[in-house]
Every structure is written in C-alpha cells, then in structure tokens.
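Each chain, written out:
Number of protein chains: 2
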Amino acid sequence: MAPRKIELFYDIVSPYSYLAAVALERYTRGHRPLWDLELVWRPAFLGGVFKLVGNVPPASLPQRAPYLLKDLTRLARLFDVPMAMPDPFPADTLRCMRLLTAVRLAEPVHLGPLSLHLWRRHWGEGREVHSDEALLGALGACRVGNAEALLARTGEAEVKAELKRATDEVVARGAFGFPAYFVDLDGEDELFFGSDRLELFAFQLGLPWRGPRAGAGAGS
Amino acid sequence: MAPRKIELFYDIVSPYSYLAAVALERYTRGHRPLWDLELVWRPAFLGGVFKLVGNVPPASLPQRAPYLLKDLTRLARLFDVPMAMPDPFPADTLRCMRLLTAVRLAEPVHLGPLSLHLWRRHWGEGREVHSDEALLGALGACRVGNAEALLARTGEAEVKAELKRATDEVVARGAFGFPAYFVDLDGEDELFFGSDRLELFAFQLGLPWRGPRAGAGAGS
Numbered sequence: 057m058a059p060r061k062i063e064l065f066y067d068i069v070s071p072y073s074y075l076a077a078v079a080l081e082r083y084t085r086g087h088r089p090l091w092d093l094e095l096v097w098r099p100a101f102l103g104g105v106f107k108l109v110g111n112v113p114p115a116s117l118p119q120r121a122p123y124l125l126k127d128l129t130r131l132a133r134l135f136d137v138p139m140a141m142p143d144p145f146p147a148d149t150l151r152c153m154r155l156l157t158a159v160r161l162a163e164p165v166h167l168g169p170l171s172l173h174l175w176r177r178h179w180g181e182g183r184e185v186h187s188d189e190a191l192l193g194a195l196g197a198c199r200v201g202n203a204e205a206l207l208a209r210t211g212e213a214e215v216k217a218e219l220k221r222a223t224d225e226v227v228a229r230g231a232f233g234f235p236a237y238f239v240d241l242d243g244e245d246e247l248f249f250g251s252d253r254l255e256l257f258a259f260q261l262g263l264p265w266r267g268p269r270a271g272a273g274a275g276s
Numbered sequence: 057m058a059p060r061k062i063e064l065f066y067d068i069v070s071p072y073s074y075l076a077a078v079a080l081e082r083y084t085r086g087h088r089p090l091w092d093l094e095l096v097w098r099p100a101f102l103g104g105v106f107k108l109v110g111n112v113p114p115a116s117l118p119q120r121a122p123y124l125l126k127d128l129t130r131l132a133r134l135f136d137v138p139m140a141m142p143d144p145f146p147a148d149t150l151r152c153m154r155l156l157t158a159v160r161l162a163e164p165v166h167l168g169p170l171s172l173h174l175w176r177r178h179w180g181e182g183r184e185v186h187s188d189e190a191l192l193g194a195l196g197a198c199r200v201g202n203a204e205a206l207l208a209r210t211g212e213a214e215v216k217a218e219l220k221r222a223t224d225e226v227v228a229r230g231a232f233g234f235p236a237y238f239v240d241l242d243g244e245d246e247l248f249f250g251s252d253r254l255e256l257f258a259f260q261l262g263l264p265w266r267g268p269r270a271g272a273g274a275g276s
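Protein chains in written order, with my numbering: chain A, 57 to 276; chain B, 57 to 276.
Read the hints as simulated data drawn from the structure, not as lab findings.
All of these numbers come straight from a predicted model, not from anything done at the bench.
Accuracy of the hints is not assured; some may be wrong.
Which copy? The list can't say, so a pair holds if one copy fits it or any two copies do.
As the list claims (entries may be wrong) - Pairs of lysine-lysine, BS3-like flavour, derived with a Cα cap of 30 Å:
1) Lys220 with Lys126
2) Lys61 with Lys107
3) Lys107 with Lys216
4) Lys61 with Lys126
5) Lys61 with Lys216
6) Lys126 with Lys107
7) Lys216 with Lys126
8) Lys107 with Lys220
9) Lys220 with Lys61
The whole structure should be built from the sequences, with the hints applied where relevant.
Shown next, in the form of structure tokens:
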C-alpha cells in the first residue's frame, strides 16, 4: 500500500534541508510526478531542536567546518542548485520561521513555493532572510496576499506557540536535526534524516530513484 | 585525467566504513571494474581521530542512537550486506587495528580481504574482533601466512607507532571521522567523508554510479 504523504520538517537556516526540499519537490510535483506522495511542509525551529536534544550544528567542530563548506559546494553541483554561503552564518531564522508558520496557518498553499524562494535567497544567493524588506519581498514574489498582516503575525503569541509546538512535535517523533522527514510505513511513523537519505527513502518505499535531479540530464 | 588511486582510512569499529568499503570494493575490483581506481587500504584508529579533533561517536547523542540503529539496518538492505549489532558496542578495536597495521607492513596484498572478513564477522554477524581466536581465525580464513607472528607484532613498538602515524596523518589531511577517503583531483588532496558520499565522489570524478550494489540487481 503506497503511503500518501511525506512530512518534511525544516528550517531555512539548514542548507541540507534546502537540498532535500528541492529534490523532494522534483519527485512529488508536476503533471506526472515520479513519486505519488503529497509533500507536507512543516516549518520548525532548528535552534529549538538542538536545545531540546543537546545537539550542536555540525560545523561547531572546527576540524569539520572546512569540509562541510566543500561538501555543500560539491552537493550543489550534484543537485544542480545554486549555492552561496550566507554571511553571517548561521543566521538567526526565528522570525523567518515564524513567518512561514503564519503562512502555514493562514495560506498553506503558498508554503512550499515561499520556503523554496527563501532558500534560494538565503542559500542560493547568500542573502539575509530576516529584514522586513527580505520577507515582504519573498511574500510579494510568491504572490501571497496580506503580506503586511502576515509579517505582523510573527509577533503574535499564537504563531510563536505554533512554531514551538511544531518543534516539540518533531523532537517527540525522534528528530535531532534537519531535514527530518517522516512517512507512515505499515502503521509506523518512520523518520529519515538528511539530504543523503533520499535514495534510502525511495528504496524503503519501493519508489523509483533517479538521483537528486530526478532524472534530469547532467547538463540540465 | 583519471586519478589512479583512492585511499580509504577506516577502523573495523565503524559500520559506515564497512558499507563504504564493500561498495568501493565492488566498484574497483574484478576483471573489468566500473572504476579504474586502485583502492588503497589505510587502517587507522577512530578513537585516536576523535580524541585528536574533539569529536565523539554519533551515537553519543541519546536522541540520535535509536535512529542510527534503524539507519544501519535500512542501509544494510540497500547495500545488500549482512548487518548485526555487535555487543558490546562500541568494541575496543585497538588490537584489531594493530593487527591490520602489521599486515599492511608485512603482507599488504592481504589487507583488503582481511579487513572485509573482519567486518563481516564484527558487523555482519555481531561477533567480537579482539580475541586471539577471532584474529587468528580471520588470518587463517584469508590464508595469511605467519599468523602467530603477525599477531605477536601487535605488541611491538613499530606497529603501534605506525598505527599512530596513520591516525595522525588522516587528521592532518582533514578527517574528523571514518570512513575518510581521499583522491588526488587536479593536484588537490580531496577528502570525502561517509558511506553516503560515494555518488558524490563518482560525480566529482566523472565516474559511473550505479548505486551501492554497483548495478547488481535489486534481488541479487
């Protein structure tokens, strides 16, 4: 029995979430998607996950940091996505994730395109995703209505609580970092972690895997 | 210009090194290998790497440990290798890695088969790789001569120093965990980390990638 949805928990601060989201979008969107799965976008706060489970960003290890930079540059070519290091890194994405939470509550249809737009800005171009200008610009580019009102909601208790709730939920379901994606497999809530587990995810579900470009040519 | 060798630094304690080694063996061995690369086996001591760079095993994070167990079980199916959790884990592999170091010095032709044999015992069957019985049994199964003398060399200063030298070397070259594999690419010493970077490695080198089974059928 084919599962019907894949829930992707992510934070715009996470470059490996960016890679995973782009690839998942390729596999699940369009007229005849390779995977007959609904991609459910679940914004959450990575800083909160780390705090709850006692984890730290992988680049915290000084010996690892230069490797990670190289790894991302290489993966960007493999995934065929633009990649530029944001400065400062890591950015504070709390307000950005609150905006995505407000969009999820009010205009969920825009959540995927808006998230991908913010990633392309932050990780594709290295630009900040904190200011009014950045966030209103992203809402405008994705044709989300009531942009000013949505941005104002980032200061509201309901939105703050909802982001915290999503963060608590993903930890309760076993996550310790992002991207964390879940699928119901024979009644079990199965967690996968990382942009490097997409082939494994496909294998477990009996879905086709044609690489992170979803079968698009190497030159595309 | 095709690179000529890939150096694999590993420790038998590391299950992701086991997966990477099996896959690399499939791509580089046999009559007409998919990759025209020489696989160079470089035994080193993962505990020493962690100590030198201030890293810890990924399962040290309590929230991550159950996921890693599931991840290994899933990957074993994807890679089509046997997998069983050793008890106790992590094992003390210092003596085992000294034996592999002694073999590297005296009988390097046996190093690959012996390493794979020890992994199949430790990670394929969950058995210890510390006792005389285990180590002499592995040497015998791989038809390595002078088994008693090689085992005795694990107590010698030269072998201890050589293992330490390899461990220092891999850290100096940028590693922070295993598997760490290196290739010379346009004069640069390029590090790759993890059993999940084999496709990326192939992509960077312009080599064919047919999954961790190297194109063998899903049922094989």
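**Lys220 and Lys126: within-copy, between-copy, both or neither at 30 Å Cα** = between (32 Å within a copy, 27 Å between copies)
**Asked** How would you classify Lys220 and Lys61 at a CA-CA limit of 30 Å: within, between, both, or neither?
**Response** Within one copy only: 23 Å inside a chain, 49 Å across chains, cut-off 30 Å.
**Prompt:** For the identical chains here, do Lys61 and Lys216 meet the 30 Å Cα criterion within one copy, between copies, both, or neither?
**Reply:** within (26 Å within a copy, 53 Å between copies)
**Prompt:** With identical chains treated as interchangeable, where does the CA-CA distance between Lys61 and Lys107 reach 30 Å or less: within a copy, between copies, both, or neither?
**Reply:** within (28 Å within a copy, 42 Å between copies)
**Intra- versus inter-copy proximity for Lys220 and Lys107 (alpha-carbon distance at most 30 Å)** = within (12 Å within a copy, 36 Å between copies)
**Message:** Regarding Lys107 and Lys216, is the shortest C-alpha distance of 30 Å or less found within a copy, between copies, in both, or in neither?
**Reply:** within (17 Å within a copy, 40 Å between copies)
**Message:** For Lys61 and Lys126, with the copy left unspecified, which applies at a CA distance of at most 30 Å: within, between, both, or neither?
**Reply:** Answer is between: at 21 Å across copies they meet the 30 Å cutoff, but 33 Å inside does not.
**Prompt:** From the Cα coordinates, with 30 Å as the cut-off, is the pair Lys126 and Lys107 best called within, between, both, or neither?
**Reply:** Answer is both: 27 Å inside a copy and 23 Å across each meet the 30 Å cutoff.
**Prompt:** Given identical chains, is Lys216 near Lys126, meaning Cα to Cα at most 30 Å, within a copy, between copies, both, or neither?
**Reply:** Close neither inside one copy (35 Å) nor across copies (33 Å); limit 30 Å.
Of the numbered hints stated above, the single one contradicted by the structure is hint 7.
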